[in-house]
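*Asks:* Input sequences plus hints: build the corresponding full structure.
Chains A and B are the protein sequences, given in the same order. The first sequence lines up with residues 1 to 222 when you count with this note's numbering. The second sequence lines up with residues 1 to 87 when you count with this note's numbering.
To be clear, the hints were calculated from the coordinates, so they are not data collected in a lab. Just so you know, even glycine gets a beta-carbon here, dropped at the ideal spot from N, CA and C. Be a bit skeptical, because a hint or two may be false.
Which residues of chain A face chain B? A few of them, derived with a C-beta cut under 8 Å, are [claimed, not checked]:
#: 1; residue: HIS19
#: 2; residue: ARG76
#: 3; residue: THR215
Cβ-to-Cβ under 7 Å is the rule here; a few derived chain A residues that face chain B [to be verified]:
#: 4; residue: PHE83
#: 5; residue: HIS87
#: 6; residue: THR193
#: 7; residue: GLU216
#: 8; residue: ARG217
#: 9; residue: GLY219
A few chain B positions that, by computed beta-carbon distances, are all more than 12 Å from chain A [said to hold, decoys possible]:
#: 10; residue: LEU4
#: 11; residue: ALA78
#: 12; residue: ALA79
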Amino acid sequence: MRSIVLDLPGWRGHRAGQHVDVRLTAGDGYQAQRSYSIASAPEDSSLVLTVERLRDGEVSPYLVDELRVGDTLELRGPVGGYFVWEHSLGGPVLLVAGGSGIVPFRSMLRHRNAIGSAVPVSLLYSARSLARLIYHDEIMRIAAQDGIDVSVTLTGEQPAGWQGHGRRIDRDMLAEAGWPPGDQPLAYICGPTGFVEAAATALVALGHNPDRIRTERFGGTG
Amino acid sequence: MDALDGNAIAGTLFDVFGAEMTDASGTCARCGAASPLGELKVYLGGPGTVARCRHCDNVLLVLVEIGGTMCVDALGLAAIGRPSRDG
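*Replies:* Okay, structure coming up:
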């Protein structure tokens, strides 16, 4: 996992939740392209991508292991207008993240902060272990803010004395950590495909309106 | 192969349609369901990109790049709604 800070002259700005496509071209002309969520808020001074290194990936190993300060990258974006949160969409908001699915939510939470929004947000964040919890310190600071509730579940190993959840996200956890369906929350789910399907199915089973659930899946081909 | 969703092809759709399309609505010609293109089931692994209806699995869109030209087959789409705003 690595966060990359980009200096983008002429960047026209983005909306919280959007991505960029990164294209790499090899010496022989072979090209590989992947889409990465933007981790920074629109108000932040630099654009930040947080990239998980995937074994056998074509793009992420380069971005995580090889890229050096001063290198140039070919980007397209910002793209995406569906998996976006901005103040006009209101709330309350439920964010459900699996692993590096937290990345677009970091942008949304920082954006909420930057504009001084009072929209209440619940974040349910699933990671394998405390060591795999991306932005650990920042998430803990965010959890202390008014109007933001953070629940963490560690599905693999839990440290001694762990007070949070210790299982995969399920109906009961979403009922406890989220909003009642009557509050008509706007739900965003981001993670690997299986995680997103399970969380979305559980929310619908709890009585949430499918039209208020937005999903974003990522695969294992980084 | 796990299906992704239409968010994964936001950049390609932008190139093809000249506008942000993941929040545009696509209507399946088979089952009639209308959903944001961001919600389509998208398979990137083949020689081209295939987008299917999340409700009935009908193939809605096939995108194949041949010799630098993007070929678009939208046979399974009965309609595409105007995006609510440009991205």
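*Asks:* Just want to verify: B:ALA78 was marked as not at the interface with chain A; is every Cβ pair farther apart than 12 Å?
*Replies:* Since the minimum Cβ distance to chain A is about 20 Å, B:ALA78 lies beyond 12 Å and the statement holds.
*Asks:* Would the non-interface assignment of B:LEU4 survive a Cβ cutoff of 12 Å against chain A?
*Replies:* At about 5 Å from chain A, B:LEU4 fails to clear the 12 Å cut-off, so the statement is violated.
*Asks:* Are A:ARG76 and chain B close enough, Cβ to Cβ, to be under 8 Å, as the hint says?
*Replies:* Constraint on A:ARG76 satisfied, holds at 5 Å.
*Asks:* Tell me if the interface restraint on A:THR215 is satisfied: Cβ within less than 8 Å of some Cβ in chain B.
*Replies:* 6 Å, holds
*Asks:* Is the hint on A:GLU216 kept, meaning its closest Cβ partner in chain B is under 7 Å away?
*Replies:* 5 Å, holds
*Asks:* Over 12 Å to the closest beta carbon of chain A is the bar; see if B:ALA79 clears it.
*Replies:* 17 Å, holds
*Asks:* Quick check on the hint: A:PHE83 CB to chain B CB, less than 7 Å?
*Replies:* At 5 Å from the nearest chain B Cβ, A:PHE83 passes the 7 Å test, so the hint holds.
*Asks:* Quick one, is the A:GLY219 hint okay against chain B at 7 Å, beta carbons?
*Replies:* 5 Å, holds
*Asks:* Given A:HIS87 as an interface hint, is its Cβ closer than 7 Å to any Cβ of chain B?
*Replies:* The hint is violated - A:HIS87 has no Cβ within 7 Å of chain B, the shortest such distance being about 15 Å.
*Asks:* Under 7 Å is the threshold here; is the Cβ of A:THR193 close enough to any Cβ of chain B for the hint to stand?
*Replies:* 4 Å, holds
*Asks:* Would the hint on A:ARG217 be counted as holding, given a Cβ-Cβ threshold of 7 Å to chain B?
*Replies:* 5 Å, holds
*Asks:* Hint check: is the beta carbon of A:HIS19 less than 8 Å from a beta carbon of chain B?
*Replies:* 7 Å, holds
Violated hints for the displayed structure, listed by number in ascending order: 5 and 10.
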